Amino acid sequence: SMAPVAVSSVDRFAVSDDGSLIVFATADGGPVALPTASAVPLPIPISGPASSFAFRPQSHDAVIAAGGAITLVRAIDTNPSYKILGDLPADPTAMSFAADGRRFLAVYSDGRIQMSDLASGSFAPAWCSCAVSGLEPLDGDSVFLLRGEGQQPPFLFDGAKNRVVFVGRGEQ
Numbered sequence: 496s497m498a499p500v501a502v503s504s505v506d507r508f509a510v511s512d513d514g515s516l517i518v519f520a521t522a523d524g525g526p527v528a529l530p531t532a533s534a535v536p537l538p539i540p541i542s543g544p545a546s547s548f549a550f551r552p553q554s555h556d557a558v559i560a561a562g563g564a565i566t567l568v569r570a571i572d573t574n575p576s577y578k579i580l581g582d583l584p585a586d587p588t589a590m591s592f593a594a595d596g597r598r599f600l601a602v603y604s605d606g607r608i609q610m611s612d613l614a615s616g617s618f619a620p621a622w623c624s625c626a627v628s629g630l631e632p633l634d635g636d637s638v639f640l641l642r643g644e645g646q647q648p649p650f651l652f653d654g655a656k657n658r659v660v661f662v663g664r665g666e667q
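The sequence shown begins at 496 in the working numbering and counts up one residue at a time.
The hints are simulated quantities; they were obtained by calculation from the structure and are not laboratory data.
Please read all numbers here as calculations on a predicted model, not as lab measurements.
Have a look at the derived ranges for each label pair, beta carbon to beta carbon: (1) Leu633 - Ser576: 29 to 35 Å; (2) Thr573 - Ala619: 33 to 39 Å; (3) Asn574 - Asp512: 17 to 23 Å; (4) Val535 - Pro620: 35 to 41 Å; (5) Val662 - Ala532: 37 to 43 Å.
Glycine is no exception: its CB is placed at the ideal position from the N, C-alpha and C atoms.
Could you put together the complete structure from these sequences and hints?
Pasting the structure below:
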């Protein structure tokens, strides 16, 4: 059996919808998949460091940002296949799939927000003056809360219109 895997940081991981698979970065930064039933790590042959991960809804397909690229890994725990998504900048701070499972969002430390379609490629980038450190899909197909550090006001990304929306606080 494999030696225990050291996890480098608890903020860099993703869990599949069914809860049966976790992808995370090891101490050396490389990505690893961990089936929760067996707890036997499955190495992913992508060099680190890994900056972010996201599972496709209702599947064990994931996008992994590591090794200077974003890679789509299909069937990560059974018969994996790998496709580098070459039209995207490397090292997003966070990624998340839209509800349709075809499109996903990558956000970057410079404010770039990049929606991509797995079949047709990336859309024109949107930009936010916010420092995005995380994404939270909201109800609907492609609306995301852009989580930031500290007390910055909330922003939403509307994937249908490819734009960032400031969410103001109304007067009571």
